[in-house]
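Throw the hints in and build the complete structure from the sequences for me.
Sequences listed follow chains A and B, in order.
Sequential numbering from 1 applies to the first sequence in the numbering used here.
Sequential numbering from 1001 applies to the second sequence in the numbering used here.
Check each hint, because a few of them may be wrong.
Said to hold, decoys possible - Footprint (simulated), chain B over chain A, 3 or more residues, beta carbon under 8 Å:
#	segment
1	233-242
2	250-257
3	260-266
I should point out that these hints are in silico values taken from the structure, not numbers from a laboratory.
Every residue, glycine too, gets a C-beta built ideally from N, C-alpha and C.
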Amino acid sequence: MSDHEYTPKSKFGKWFNDRLPLLTLANHLTDYPTPKNLNYWWTFGGILTFCLITQIVTGLVLAMHYIAHADMAFDSVEHIMRDVNYGWLIRYIHANGASMFFLAVYIHIFRSLFYGSYKAPREIIWIIGIIIYLLMMAAAFLGYVLPWGQMSFWGATVITNLFSAIPLVGEGIVTWLWGGYSVDNPTLTRFFTLHYLIPFLILGLVVLHIWALHVPGNNNPVGIDIKKPSKDTVPFHPYIVIKDGFALLMFMIVFAFFVFYTPNILGHADNYIEANPLVTPAHIVPEWYLLPFYAILRSVPDKLLGVVAMLSAILILAALPWLDTSKIRSAVFRPLYRQFYWILVADVLILGYVGAMPAEGLYLLVARVATAYYFLHFLVILPVLGWKEKTLPIPLSITEPILGGSPNLATAKNKESLNK
Amino acid sequence: MKNFIKIFSFIILFSGLSLSTQAAEKVEYLKTDWSFKGLFGKFDRAALQRGYQVYTEVCSSCHSMKYLSYRNLAEKGGPEFSIEQAKAIAASFEVKDGPNSDGDMFTRPGRLSDKFVMPYDNVQAAQAANGGAYPPDMSVLVKARGGGVDYIYSLLQGYEDPPAGVTLDDGVYYNKYMYGNKIKMANQLSDGLVEYSDGTIASVEQMSKDVTTFLMWSAEPHLESRHQMGFKAIVYLIILTILVYFSMKRIWSRIETEV
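What follows is the structure, encoded as C-alpha cells:
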C-alpha cells in the first residue's frame, strides 16, 4: 500500500473525500508501487479483467435477446445470429471470449507456478484465484448449455450425472439439480439464472483478489521481497498501465482473429444441432479448457473415485503454498524445479490431448500415467524438492541483481553498502 | 521484448494446435475453391442464386430451412435477388395463415416476411415419409457437421456401389463420405438435373458446389460483413498497437529500463 496521506487539491474534492475516500483509492491505484522488472507474463491480470468485463457486457446484450426455454433457446440463438443487429458479432465475441478467458487464466496460473507467486505472503491471493477459477469453470459449463444444442444437452447430462456418484444422496441431488427426472426445461432456466449470477460473484472476488494483491504488492520475476516504494518500483500509472495496454492490444488481435475469421473452430459442430434427448452424439467432449480434468475423470475406472480425482486435481492447487516447501519463490533460482515445472506443463497438455480422444487403448493408458504424474508432482516432487534442491544464489535487489552473486549475505550486503 | 515474443508465439502455437486437432479428425474430402474462404472471402453471387435454385428444385422437397425468410434472398451479402424477384419467389409458395376473423385457417401467396415453407408439417410426418430418417433442417447444416462445406460438397458426390461384403437394407445407400458409410438419402444429383438460367452447365460437381455455397450462406448470412469488419478491426488494432508500443518505449525511457 502507498502509505502517504493523500489530500485532494480542490475544496469539493476534499469535502467529498472526507465522506467517501474514493479519491484516496484512485490515488492509491495510480501510485501503487509496482516492481519495475515485471515481464509480459504479468500482463495477463489486466487481460483477464478485460475478458471478464467483455463477457459481462456481451452477455448482458445476449440475455436481452435469448429465451431460456427448451423449445425456444436454440431458435433464439439463431435469431440473435441472423436478425439482431450485430448479434452475430456479440455472440461470437461471447463464445470465443470464454476460450480467450481460459487461455489467459491458464497463462496467469502457470506464471504464478513458475515464479512462486502463491507463496507467503500471497496465499490468500492465490486461494481467491483458485475460487475464481472454479467459478469460471462453472460459468463456462453453464453457458455452454444455454444454446441448447446436442453438446449442450449431453454435456449437461454427463456433468450433472457426476453428482450421482455421491453415496446415498447422489441420485436425489441429481434430481434436485435437474428440477425433474432428466435434463429439461427446468434445468435450462436454472442454468441460465446461475450463468447470469456467477460472473458477478467473480467480479466481487476479483476485487478481493486485487485488494489482497495490494497489501503485499506484486511478486516479480526475481521473486524477492522489495522495498516499496523504492528504486526497484515504478508507479502503476503510467508505466504498468501502458505496458498492460500494449499486451492487451496484442491479445485483442488474436481474439479478433478468432471472432472474425474462425469463430466456430473452438466449438463443437454438434452444438449446431438442436438438443435431442433421443439421440446421443458419438463422442461427448467438453470444451478444450476442461479437457485435462475430463481426462483425469475418465482415467479412474471407478465413478466416485474419478469425480474425487477430478475435484482433487483442482483443489490440490489451494494447498500449493504449503505443499511447496521451498523458501525460494522464483524458478529462475531453482534449477531442478524449473525442469519439473516444464514437465508439469507438458503433462497438463498431454492430459488435454487425451481428454479429447476416446477413452480406450493407448489413450487411456497415457491418461492414467499423466494423471498419476500430475498428483505426484504436487504431493511428492514439490515437498521433497523444497528440502533437497540446491538453489542458486538470489540477488538482494532487482535493480542490481549482479550484487547478490555471492551466496554470503554479509558479503553481498557489504558490496551494496560500498556501492552507496 | 524477447519474453514478449515468446508469449506471443505461444499463443499462436496454441491457436495452431487447436486448428490442427480439428483437422486431424477429418477424412480426405473432395477439394474445391470456395470464394468465401480467406480474409476477404465473399460469396459468389451467381453461385448463391444457382444454389438456391438447386435447393428449391431438389432439396426442399424433403429438407426444411426454418431459419430463412424470403426477405433474406434480397438482403445484402446473400444471393441478392432484386426485391421484385424475391417477392415473386415468395409469392410462388402457398403459405398457411390465420385464423381469420371467422376463425378459419386459410392459404395465401407467400410474402417477403414469411419463413421458408416447410416440406412437412412436423418431424413425425417427415420421418414417416422418409423411411424413419428425419431429413435434417438445412439452415445451419454446414456448421453442424465436422467437415463443414467440404463434407457436404463431398457427400453429394460420394455415392458409389457398396464394396463387396457390405449389404445394404432397403432404403439405405452407400456413400463413402458418410459417417459409417450408410445413408438414408438416395443420390439426388445427376448431370443436367436442373436447368440453370445463366447457361452454366449443371454437372453434378457444379450443382454440389452451388448448393453447398448456398448452405454456407444460410448458415452464416453475415459472413461477408464479418470478414469486412474483421479486416478493418484487425488493421485498426495493429496500428493502435504500434502507436501504443512507441508510447510505451517513450514512457519507460524515463527510467531507462528495457521493456
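Tested hints:
With a threshold of 8 Å between beta carbons, the proposed coverage of the segment 233-242 of chain A by chain B holds, since 4 of its residues qualify and at least three are required. As drawn, the segment 250-257 of chain A meets chain B at 7 residues by the rule of a beta-carbon pair under 8 Å; at three or more, the given contact holds. Counting residues of the segment 260-266 of chain A whose C-beta sits closer than 8 Å to any C-beta of chain B gives 7, which meets the bar of three, so the coverage hint holds.
Going through the hint list in order, the structure satisfies each hint without exception.
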